Amino acid sequence: MGEHPATGPLLLRQVRYQNKLFLRNPFSAFFALAFPMMFLLLFGSLNGNERLAVRGGIRFAQFLTPGLLAFAVISTCYTGLAVGVAMSRDLGILKRFRGTPLPTGLYVAGRILSAVWFSLVSAVLMVAVGVGLFDVRIIWRMLPAAVVTLLLGAACFCALGLAVAALIPNGEAAPVVANFTFLPVAFVSDLFFPTDNAPAWVAVVGGVFPVKHFALALEDTFNPFVSGSGFRWGHLAVIAVWGAAAAVVAVQRFQWEPRATVGARPRRQPTS
Amino acid sequence: MAAIRVEGLRKTYGEVEAVAGIDFEVAEGECFALLGPNGAGKTTTVEILEGYRRRSAGEVEVLGFDPERGERAFRERIGIVLQSAGIDRELSVHEIVTLFGSYYPHPRDAAEVIDLVGLGDKRTARTRTLSGGQQRRLDLALGIVGDPDLLFLDEPTTGFDPSARRRSWELVESLRDLGKTILLTTHYMDEAQNLADRVAIIAAGRIVAEGSPETLGGRDVAEAEISFRLPPGAGLADLPRELGDGLRQDEDRVLLRSVAPTRDLYALTGWAVARGAELEALAVTRPSLEDVYLRLTGASRG
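These protein sequence lines map, in sequence, to chains U and E.
With the working numbering applied, the first sequence has no gaps in its numbers, which climb one by one up to 272 at the end.
With the working numbering applied, the second sequence has no gaps in its numbers, which climb one by one up to 574 at the end.
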């Protein structure tokens, strides 16, 4: 038999296919792109020019834009993948792919890269709006740190999304589980407002999860009172550890077939 | 060389034995049907051969591969039409067939495949707008777009209207004419009879009969049944003695099991002609595939 189809074009095709699905599904596009943008326009218009009492007295819009960037990345990568993969599995779409010669890694990579791509699109749009409407300044010396932080965060939350998809029993539970794990944590994680003066337990709870580390690392790259190149290695390390642990779970527990099939016949897939 | 070889295959789920030790071979270029009621173990068997499930015991070889290992080279040579599988609702027919074709080294032309399954006028339609039967034909298109040597069809025409089903049969026949090997599961007897070179009847995880549709269950040598209505004024006792004791009365009909129907008919019709009577509803039948199937699978007529 002939050679396998080349990996590069296959991967590109998978990304384009996922992108197409993303854009044709109004819900995914709304939550990943429109929702964070709406927050930015709303909060930015309300009090974008106020100066915070913390973080060197940074203007609110300068703090909020990277915070909502982190929010957009998490919505797209974590919530988007957890719900999307669990639904595809429930509908038997993953099972159909399993029967083709497409390598598993390429299917998953297509989904991850598509989510990262829309994270970047969302980031560019939001920074553009922040700069255009709310006088947000891009701090060029810290831009490399911002991009690296964004990409590492996107990777970590993709892994977490895949891990959640692998662990939850069915697709209907996916939006519930994803939102109930993310939203409460979001409010103690400096995405929308700083928690620098909040009670100690808020700092403890927030410090456990990767959301706050991601938010702080990203926000510092937009803070003019921060000196140096803006790499927050401590935060980045926590994000990397969470991502790696999630990746292990996702790989070990990945399921191609619906967990509980409707019908009389038991169809449990042995874990391999 | 056999395209599929199965020996002593077993699959258990906890206490339940879904497949209880089956053996069969499918030759290259053959169309082989697994016929059986729901829950007989057809889909479990096929999904083991497709590489979806691990077997509990036994030997399986498909195109020289062990399907359990799920090699890419193996998947490049098979086509799968699952009993139920999802599809992305927001892609068009052409987009999804093209996408799946790109996974194979020598795919068929997407437009040609779409025409072949009769979805030519739905090429640009989103899959969510397709009817159930049309989605099933799209399943078939995705199964053959990789130009597989071996095609698995798990109940491919369930829910089809008669013309769509006739069309799918023609497609399957054309694939067989191209030398493709086909493994089909169905619970439609006419489907097995029309498409398959050989049929295995499977019930409760075991193969209970195997053969060509004509010879299955000894149909070709089985006793014929002669049936007719008794002429007015005649009783069973009036019938010629040569007919023997295989006679039975079922309401107003007489049934006769006969190993020599020509001789028995001669005696019977001679008797009727001599009486000047006409035998109403005279018929000679051999057991149909359906009779064999119902007898072997232990089901009773409703």
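Careful, some of the hints might be misleading.
Claimed, not checked - Label-pair ranges, simulated between beta-carbon atoms:
#1 R438(E) - F27(U): 49 to 55 Å
#2 S435(E) - L41(U): 34 to 40 Å
#3 D381(E) - W140(U): 36 to 42 Å
#4 A397(E) - L167(U): 52 to 58 Å
#5 M38(U) - A397(E): 31 to 37 Å
#6 A244(U) - E445(E): 32 to 38 Å
#7 A397(E) - L12(U): 23 to 29 Å
#8 S403(E) - F27(U): 21 to 27 Å
If you are wondering where the hints come from, they were derived from the structure by calculation, not from laboratory data.
Since we're looking at a predicted model, the values are computed, not measured.
Ideal Cβ placement from N, Cα and C applies to all residues, glycine included.
Report the numbers of all earlier hints that the structure fails to satisfy, in ascending order. When the structure is compared with the hints, numbers 1, 2, 3, 4 and 6 turn out to be violated.
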